[in-house]
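Chains as they are written, first to last, in my numbering: chain A, 1 to 127; chain B, 1 to 211.
Mixed in with the good hints there might be a few duds.
[Unchecked claim] Lysine-lysine pairs mimicking DSS-like chemistry, simulated, CA-CA at most 30 angstroms apart:
id	chain 1	residue 1	chain 2	residue 2
1	B	Lys109	A	Lys109
2	A	Lys58	B	Lys102
3	B	Lys124	A	Lys23
4	A	Lys51	B	Lys106
5	A	Lys32	B	Lys100
6	B	Lys24	A	Lys106
7	A	Lys109	B	Lys124
8	B	Lys24	B	Lys199
9	B	Lys41	B	Lys194
10	B	Lys124	A	Lys51
11	A	Lys39	B	Lys41
12	A	Lys59	B	Lys113
13	A	Lys106	B	Lys41
14	B	Lys41	B	Lys177
15	B	Lys113	A	Lys22
16	A	Lys59	A	Lys29
17	A	Lys22	B	Lys194
18	A	Lys22	B	Lys117
19	B	Lys44	B	Lys172
20	A	Lys59	B	Lys117
21	B	Lys24	B	Lys6
22	A	Lys22	B	Lys6
23	A	Lys32	B	Lys124
24	A	Lys106	B	Lys106
To be clear, the hints were calculated from the coordinates, so they are not data collected in a lab.
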Amino acid sequence: MLTLQYIPHHDIEFLSTDDKIKKILRSVKEDKIILIEGKLAPNEESELIRKTMEQIDKKFKGIEICGVDYELKNLPFFDKIKRQIANVLLKKKAGITIIGPATIVKEIKRDPNKIELLTQDRKKRRN
Amino acid sequence: MIKKLKRVIQNIFSRIFKSKKHIKLGFYGPPNAGKSSLANKICKDWLGEEMSTVSNIPHETRGIIEKEQVHIQHNGKELTLNLIDTPGIATKIDYEEFLKFKMKPKEAKERAKEATKGVIEAIKWLDSMDVVLIVLDSTLNPYSQVNITIIGNLAARNIPVLIVANKTDLRKADIKKIESAFPQYRTVGISAQKGTNIKQLYEEIFTLVKR
Chain A
1 MLTLQYIPHH
11 DIEFLSTDDK
21 IKKILRSVKE
31 DKIILIEGKL
41 APNEESELIR
51 KTMEQIDKKF
61 KGIEICGVDY
71 ELKNLPFFDK
81 IKRQIANVLL
91 KKKAGITIIG
101 PATIVKEIKR
111 DPNKIELLTQ
121 DRKKRRN
Chain B
1 MIKKLKRVIQ
11 NIFSRIFKSK
21 KHIKLGFYGP
31 PNAGKSSLAN
41 KICKDWLGEE
51 MSTVSNIPHE
61 TRGIIEKEQV
71 HIQHNGKELT
81 LNLIDTPGIA
91 TKIDYEEFLK
101 FKMKPKEAKE
111 RAKEATKGVI
121 EAIKWLDSMD
131 VVLIVLDSTL
141 NPYSQVNITI
151 IGNLAARNIP
161 VLIVANKTDL
171 RKADIKKIES
181 AFPQYRTVGI
191 SAQKGTNIKQ
201 LYEEIFTLVK
211 R
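Kindly generate the complete structure, drawing on both the sequences and the hints.
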């Protein structure tokens, strides 16, 4: 059974990068796929990768991560402005981030227009 | 905030005095994209020797490899570079993947352990770079979070970036897809192994450094 955990923006908004990453990795190591409202900053993403590497062991093989932003480039000019204003007002709330344990999530395929989350087959997950 | 301000000031100063020092050129990207092959090609062209070992097994480079004082010339201009080959950045490392390459379990576990340390090192060195070549395998989907994270971090640090679409000699290579994934950056298609389009790469490096 797959568990999907939703983390709203206000849950992590005021956490330090360290605490945010601890919270994310705690859930991922409990075999949950987490869906965060908003995107992580580039330094938070690299810190998450760093901490993930530090914690890799026999059981925990790492993570799969995908941050999705609103696609601005194909929008008409005024829609683009509206979306950018909304982004400023909502701070980093715009977009979503999906993070899952590598033992469960094989790959998150991202194309400009779609996201596919591919899971590992059961046999491999049990190993 | 203070840390960020300090970094911005350091960046401005390093740009002003760049002409007086050697430029640190980093090779970044996911594992097996051809970073070491490209570093070797540049090193061989100007020093007559290679700097890194290459392999089709991922995570062959598991520590930072630096080659100092590489003088490169193009159209009568000269640059002195310190080439920094970095381990491929990944979000997961499973020793079982190495077993597929007929590696013994003990050796595979050791490689995985070293690879995790390599990723940490590569991230740590991001701050030290003056310019960076992001080396991507042009036969693969460029929309991966690792690529986006590396580029996002370099942009946040104001470090000039050139995207190198490697392995263009392969049938599945798609440079256009890489260009459309990162339209804000210059992309140059090459084959490090065959030495294709390397002259254009040198031209782009000169342009990048002058920026």
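Checked hints:
Under the criterion of a C-alpha separation no larger than 30 angstroms, the hint pairing lysine 109 of chain B with lysine 109 of chain A is consistent with the structure, at around 27 angstroms. For the given pair, lysine 58 of chain A sits about 19 angstroms from lysine 102 of chain B by alpha-carbon distance, which is consistent with the 30 angstroms threshold. Taking the CA atoms of lysine 124 of chain B and lysine 23 of chain A, the gap is near 22 angstroms; set against the 30 angstroms cutoff, the hint holds. A hinted pair counts as satisfied when its Cα atoms are at most 30 angstroms apart, and lysine 51 of chain A with lysine 106 of chain B qualifies at roughly 24 angstroms.
Distance check on the hinted pair: lysine 32 of chain A and lysine 100 of chain B sit about 28 angstroms apart at the alpha-carbon level, within 30 angstroms; holds. Taking the CA atoms of lysine 24 of chain B and lysine 106 of chain A, the gap is near 35 angstroms; set against the 30 angstroms cutoff, the hint is violated. For the hint pairing lysine 109 of chain A with lysine 124 of chain B, the CA-to-CA distance comes to about 27 angstroms; that is within 30 angstroms, so the pair holds. Straight-line distance between C-alpha atoms of lysine 24 of chain B and lysine 199 of chain B comes to about 20 angstroms, which keeps the hinted pair within the 30 angstroms bound.
Between lysine 41 of chain B and lysine 194 of chain B, the direct Cα distance comes to roughly 9 angstroms. Compliance with the 30 angstroms bound is thereby established for this hinted pair. Only pairs whose Cα atoms come within 30 angstroms are accepted, and lysine 124 of chain B paired with lysine 51 of chain A is accepted, the gap being roughly 12 angstroms. At most 30 angstroms may separate the alpha-carbon atoms for a hinted pair to count; lysine 39 of chain A and lysine 41 of chain B exceed this at roughly 38 angstroms. Taking the CA atoms of lysine 59 of chain A and lysine 113 of chain B, the gap is near 13 angstroms; set against the 30 angstroms cutoff, the hint holds.
Restraint check: the Cα-Cα separation between lysine 106 of chain A and lysine 41 of chain B comes to about 34 angstroms, which exceeds 30 angstroms; the hinted pair is violated. The hinted pair formed by lysine 41 of chain B and lysine 177 of chain B meets the criterion: a straight-line CA distance of about 25 angstroms does not exceed 30 angstroms. Of the supplied pair hints, the one linking lysine 113 of chain B and lysine 22 of chain A holds, its CA atoms being roughly 21 angstroms apart against a limit of 30 angstroms. For the hint pairing lysine 59 of chain A with lysine 29 of chain A, the CA-to-CA distance comes to about 9 angstroms; that is within 30 angstroms, so the pair holds.
At most 30 angstroms may separate the alpha-carbon atoms for a hinted pair to count; lysine 22 of chain A and lysine 194 of chain B exceed this at roughly 45 angstroms. With a C-alpha separation of about 19 angstroms, the suggested pairing of lysine 22 of chain A with lysine 117 of chain B holds against the 30 angstroms cut-off. Annotation: proposed proximity of lysine 44 of chain B to lysine 172 of chain B holds, straight-line Cα distance about 27 angstroms (limit 30 angstroms). Distance hint between lysine 59 of chain A and lysine 117 of chain B is fulfilled; the C-alpha atoms sit about 17 angstroms from each other, no more than 30 angstroms.
Of the pairs offered as hints, the one joining lysine 24 of chain B and lysine 6 of chain B holds, with about 20 angstroms between alpha carbons and a cut-off of 30 angstroms not exceeded. Distance hint between lysine 22 of chain A and lysine 6 of chain B is fulfilled; the C-alpha atoms sit about 27 angstroms from each other, no more than 30 angstroms. Between lysine 32 of chain A and lysine 124 of chain B the alpha-carbon distance is near 28 angstroms, which keeps this suggested pair within the 30 angstroms criterion. Annotation: proposed proximity of lysine 106 of chain A to lysine 106 of chain B holds, straight-line Cα distance about 24 angstroms (limit 30 angstroms).
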